[in-house]
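So the protein sequences, as listed, match chains A and B. When we follow the numbering used here, the leftmost residue of the first sequence carries the number 1, and every step to the right adds one. When we follow the numbering used here, the leftmost residue of the second sequence carries the number 1, and every step to the right adds one.
These aren't lab readings, by the way, just hints derived from the structure by calculation. Please read these numbers as outputs of a predicted model, since none were measured by experiment. It cannot be assumed that every hint is accurate.
[What the hints assert, rightly or not] Listed below are the simulated BS3-like cross-link pairs for lysine-lysine, each with C-alpha atoms no more than 27 Å apart in a straight line:
| # | chain 1 | residue 1 | chain 2 | residue 2 |
| --- | --- | --- | --- | --- |
| 1 | B | 282 | B | 322 |
| 2 | A | 7 | A | 322 |
| 3 | B | 322 | B | 7 |
| 4 | A | 282 | A | 7 |
| 5 | A | 7 | B | 126 |
| 6 | B | 126 | B | 402 |
| 7 | B | 322 | A | 126 |
| 8 | A | 322 | A | 282 |
| 9 | A | 7 | B | 7 |
There are 2 protein chains.
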Amino acid sequence: MMTEPTKYLLDENAIPAAWYNLQADLPSPPPPVLHPGTLQPVGPDDLAPLFPMALIGQEVSTEREIEIPAPVRDAYRAWRPTPLYRARRLEQALDTPARIYYKYEGVSPTGSHKPNTAVAQAFYNKEAGVARLATETGAGQWGSSLAYAAALFGLEVKVYMVRVSFDQKPYRKAMMETYGATCIASPSEETNAGRAVLAEHPDSTGSLGIAIGEAVEDAATREDTKYSLGSVLNHVLMHQSVIGREALAQFELANDYPDIIVGCTGGGSNFSGIAFPFIGEKLRGGRDVRVVAVEPAACPSLTRGRYAYDFGDTANLTPLVKMHTLGSAFVPSGFHAGGLRYHGMAPLVSHCVELDLVEPTAYTQIECFEAGVLFSRAESIIPAPEANHAVKGAVVEALRCKEEGVSRAILFNLCGHGHFDMQAYTDYFAGNLAVEHYDESEVAMALAGLPAVA
Amino acid sequence: MMTEPTKYLLDENAIPAAWYNLQADLPSPPPPVLHPGTLQPVGPDDLAPLFPMALIGQEVSTEREIEIPAPVRDAYRAWRPTPLYRARRLEQALDTPARIYYKYEGVSPTGSHKPNTAVAQAFYNKEAGVARLATETGAGQWGSSLAYAAALFGLEVKVYMVRVSFDQKPYRKAMMETYGATCIASPSEETNAGRAVLAEHPDSTGSLGIAIGEAVEDAATREDTKYSLGSVLNHVLMHQSVIGREALAQFELANDYPDIIVGCTGGGSNFSGIAFPFIGEKLRGGRDVRVVAVEPAACPSLTRGRYAYDFGDTANLTPLVKMHTLGSAFVPSGFHAGGLRYHGMAPLVSHCVELDLVEPTAYTQIECFEAGVLFSRAESIIPAPEANHAVKGAVVEALRCKEEGVSRAILFNLCGHGHFDMQAYTDYFAGNLAVEHYDESEVAMALAGLPAVA
Numbered sequence: 001m002m003t004e005p006t007k008y009l010l011d012e013n014a015i016p017a018a019w020y021n022l023q024a025d026l027p028s029p030p031p032p033v034l035h036p037g038t039l040q041p042v043g044p045d046d047l048a049p050l051f052p053m054a055l056i057g058q059e060v061s062t063e064r065e066i067e068i069p070a071p072v073r074d075a076y077r078a079w080r081p082t083p084l085y086r087a088r089r090l091e092q093a094l095d096t097p098a099r100i101y102y103k104y105e106g107v108s109p110t111g112s113h114k115p116n117t118a119v120a121q122a123f124y125n126k127e128a129g130v131a132r133l134a135t136e137t138g139a140g141q142w143g144s145s146l147a148y149a150a151a152l153f154g155l156e157v158k159v160y161m162v163r164v165s166f167d168q169k170p171y172r173k174a175m176m177e178t179y180g181a182t183c184i185a186s187p188s189e190e191t192n193a194g195r196a197v198l199a200e201h202p203d204s205t206g207s208l209g210i211a212i213g214e215a216v217e218d219a220a221t222r223e224d225t226k227y228s229l230g231s232v233l234n235h236v237l238m239h240q241s242v243i244g245r246e247a248l249a250q251f252e253l254a255n256d257y258p259d260i261i262v263g264c265t266g267g268g269s270n271f272s273g274i275a276f277p278f279i280g281e282k283l284r285g286g287r288d289v290r291v292v293a294v295e296p297a298a299c300p301s302l303t304r305g306r307y308a309y310d311f312g313d314t315a316n317l318t319p320l321v322k323m324h325t326l327g328s329a330f331v332p333s334g335f336h337a338g339g340l341r342y343h344g345m346a347p348l349v350s351h352c353v354e355l356d357l358v359e360p361t362a363y364t365q366i367e368c369f370e371a372g373v374l375f376s377r378a379e380s381i382i383p384a385p386e387a388n389h390a391v392k393g394a395v396v397e398a399l400r401c402k403e404e405g406v407s408r409a410i411l412f413n414l415c416g417h418g419h420f421d422m423q424a425y426t427d428y429f430a431g432n433l434a435v436e437h438y439d440e441s442e443v444a445m446a447l448a449g450l451p452a453v454a
Numbered sequence: 001m002m003t004e005p006t007k008y009l010l011d012e013n014a015i016p017a018a019w020y021n022l023q024a025d026l027p028s029p030p031p032p033v034l035h036p037g038t039l040q041p042v043g044p045d046d047l048a049p050l051f052p053m054a055l056i057g058q059e060v061s062t063e064r065e066i067e068i069p070a071p072v073r074d075a076y077r078a079w080r081p082t083p084l085y086r087a088r089r090l091e092q093a094l095d096t097p098a099r100i101y102y103k104y105e106g107v108s109p110t111g112s113h114k115p116n117t118a119v120a121q122a123f124y125n126k127e128a129g130v131a132r133l134a135t136e137t138g139a140g141q142w143g144s145s146l147a148y149a150a151a152l153f154g155l156e157v158k159v160y161m162v163r164v165s166f167d168q169k170p171y172r173k174a175m176m177e178t179y180g181a182t183c184i185a186s187p188s189e190e191t192n193a194g195r196a197v198l199a200e201h202p203d204s205t206g207s208l209g210i211a212i213g214e215a216v217e218d219a220a221t222r223e224d225t226k227y228s229l230g231s232v233l234n235h236v237l238m239h240q241s242v243i244g245r246e247a248l249a250q251f252e253l254a255n256d257y258p259d260i261i262v263g264c265t266g267g268g269s270n271f272s273g274i275a276f277p278f279i280g281e282k283l284r285g286g287r288d289v290r291v292v293a294v295e296p297a298a299c300p301s302l303t304r305g306r307y308a309y310d311f312g313d314t315a316n317l318t319p320l321v322k323m324h325t326l327g328s329a330f331v332p333s334g335f336h337a338g339g340l341r342y343h344g345m346a347p348l349v350s351h352c353v354e355l356d357l358v359e360p361t362a363y364t365q366i367e368c369f370e371a372g373v374l375f376s377r378a379e380s381i382i383p384a385p386e387a388n389h390a391v392k393g394a395v396v397e398a399l400r401c402k403e404e405g406v407s408r409a410i411l412f413n414l415c416g417h418g419h420f421d422m423q424a425y426t427d428y429f430a431g432n433l434a435v436e437h438y439d440e441s442e443v444a445m446a447l448a449g450l451p452a453v454a
């Protein structure tokens with residue numbers, strides 16, 4: 001019974017020495033980011049008001065490896081390397097010949113993968129002499145992670161939190177305050193963007209788009225402040241590569257290699273973190289691997305969106321990026337996986353889908369919670385609603401192995417625990433979880449408004 | 001910067017093979033448990049309606065080691081061995097020459113040390129053919145841990161949760177349901193004990209004493225059901241010894257040994273878990289160690305209670321145990337560390353205090369939250385309100401090292417994270433945390449009601 005391990009652990013000296021940059025190995029580069037006015041590729045100067053130069057450099061770098069600075073690696077040691085689990089009890093529950101593995105990022109101080117980039121961003125901003133960061137947060141995972149990272153490096157943080165989550169999830173705000181950050185509801189009275197919304201809709205519950213607008217305005221109008229984003233951008237995805245790099249080393253310990261990798265996609269950062277290092281191996285002539293991106297049926301940018309230039313935010317303040325999008329004017333319905341409610345997708349993930357390196361699929365939240373409860377009872381960890389999408393994807397592949405009588409190795413990223421989202425489980429058990437609304441015509445309208453770029 | 005480790009990890013093959021039983025090494029045995037009617041020592045038959053024989057045997061055993069059954073060790077592998085951290089950033093923040101270490105039990109599926117005994121209790125009940133367990137829970141840590149353990153072994157669980165917490169902490173109930181348990185508010189309409197209370201006080205917010213009464217009645221009146229308790233009893237404390245046994249091995253890795261061990265005490269189980277294996281070493285001629293038990297100033301059984309025979313519950317349904325008690329009729333004020341709101345203390349911990357093996361001390365909740373926030377910002381983990389008492393105790397010792405210019409090794413047990421208790425932090429930051437009420441005369445009255453036992 002004790003012969004085969006449940007989890008594969010690495011010593012903290014095995015924390016990767018460098019991040020992996022997929023851009024070095026892609027057969028073609030992703031389309032450039034465009035200035036919305038000139039429709040010309042943006043340069044470093046366009047981004048300088050918002051980000052420190054080190055991060056702008058990483059955004060466009062094609063170096064394969066970028067060294068992780070010693071203070072960032074040192075901070076990672078608080079929770080990294082994270083464990084790779086073999087889901088033996090889940091395999092038993094499914095009666096499948098599949099070998100299921102999951103990388104568990106919920107052991108981080110804030111309970112998800114977000115600190116992997118938060119710590120790096122705080123470090124580079126501190127190095128550049130920045131005193132203060134502004135950011136937005138939806139459900140609060142990102143805001144609390146940046147608050148934690150800023151505490152390590154002595155930076156101030158201001159978080160604009162979408163009003164509806166601010167009211168519904170007071171524990172996330174408490175977490176940010178415990179780490180010393182300031183968190184206010186968005187729309188707020190503290191920015192022009194916020195005041196403009198409140199003037200028209202005094203009872204606005206906010207949106208990620210509005211909150212981004214407030215945080216960007218805050219950073220752009222204050223000399224001591226930069227802006228920080230928790231997903232989508234190339235440098236953010238690259239910081240998450242520590243997940244997959246550790247997994248590669250852990251599969252060596254397990255004497256195995258994944259046939260299939262599954263991750264959930266919202267902005268794309270946890271998915272890229274686990275998948276890109278394996279895709280890189282494949283592109284450099286290593287073993288083949290099927291990579292499955294699971295998105296919510298109510299916000300299916302990869303499976304039902306258009307690959308086109310669009311704005312990253314609802315207020316259309318950002319540069320134009322080419323990505324799978326449902327249109328920046330599209331507002332997804334209020335399902336429980338708040339971290340996956342984004343109209344677009346990380347440009348690098350979209351590019352990989354176009355190159356047939358990634359296979360997208362979508363599931364409804366009820367199927368995902370069903371898989372999550374099955375997983376909890378077998379494996380003990382209660383996943384975040386976002387992570388339940390990855391669990392569902394892995395269960396589908398494991399059952400396919402059973403049907404076909406084939407043993408494949410399936411790796412998925414359990415990107416966070418659900419301790420701050422238990423209301424979703426209560427709703428699920430009470431039968432109050434809605435079948436999400438996805439309206440083809442709303443998306444068609446939003447897509448009709450896309451900027452005209454050749 | 002990377003030379004000295006932040007955490008000491010053990011392979012899962014290093015999960016202890018046996019629990020450690022302090023009773024084997026004590027210079028004198030603890031006073032016997034008495035039947036409240038006859039005042040004679042209770043025998044196994046008296047306890048048989050509530051517990052399976054294997055646990056009753058462990059309760060009175062004086063064997064030094066009791067082998068951990070393979071399925072229990074196998075279940076432990078989901079999160080054990082837990083990490084031992086060296087708190088380098090906290091040492092820096094305190095500018096102390098002390099070497100501070102903490103054992104982190106918050107990595108368990110429910111976020112505290114409670115599953116260490118929950119898994120064992122579920123296993124032995126399953127082995128004895130029990131189909132269903134009844135238990136009580138206050139804030140929910142214990143109820144969710146037993147729910148988790150029962151899911152592993154296919155047992156039904158009914159949890160009677162104190163009404164006030166049931167209403168205030170819906171996330172804990174959701175967690176129990178996710179693991180498949182049933183959780184109802186106590187007092188309930190489902191037991192005589194509950195109905196009797198509701199008849200007199202329809203709006204009763206409940207108490208741990210009432211909930212224990214309901215769970216005991218449930219177990220005693222159903223053939224298929226036994227009762228399960230999360231602290232206080234000898235076998236529960238023994239199951240927690242995996243904490244200290246792992247720490248002993250981890251200190252060998254660290255090439256160090258604690259001069260001082262600090263734990264928080266409510267019922268006594270997490271404290272015993274870290275301390276007893278080290279006390280055992282000392283009693284068998286090994287290294288000396290100071291052991292500090294930190295209790296809340298609002299419920300100071302060890303520092304201000306009487307060492308006397310008393311009931312374990314408010315309803316006086318249990319046998320009589322000799323312990324430090326504030327009187328079973330004493331109701332502590334509603335401070336935030338719900339896990340420490342118990343009128344008595346584990347008899348084995350009380351006995352150790354009488355033998356001068358343990359040094360008790362008490363702090364107010366505001367001092368403890370202050371220490372917890374300092375800890376969070378330095379070490380990244382937000383402690384549970386209970387664990388903040390241990391943090392405070394460790395900080396006091398570390399500052400004493402600084403004053404005296406001496407480097408000592410301090411080990412404390414970080415028995416759980418605070419993710420389900422963030423309201424307490426909000427109250428702390430808002431200045432709404434009350435200075436707890438402790439009324440000497442209420443305790444005097446409760447103590448006057450103690451049963452008359454020679």
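How the hints compare with the structure:
{"no.": "1", "hint": "282/B with 322/B", "result": "24 Å, holds"}
{"no.": "2", "hint": "7/A with 322/A", "result": "39 Å, violated"}
{"no.": "3", "hint": "322/B with 7/B", "result": "39 Å, violated"}
{"no.": "4", "hint": "282/A with 7/A", "result": "25 Å, holds"}
{"no.": "5", "hint": "7/A with 126/B", "result": "26 Å, holds"}
{"no.": "6", "hint": "126/B with 402/B", "result": "51 Å, violated"}
{"no.": "7", "hint": "322/B with 126/A", "result": "57 Å, violated"}
{"no.": "8", "hint": "322/A with 282/A", "result": "24 Å, holds"}
{"no.": "9", "hint": "7/A with 7/B", "result": "17 Å, holds"}
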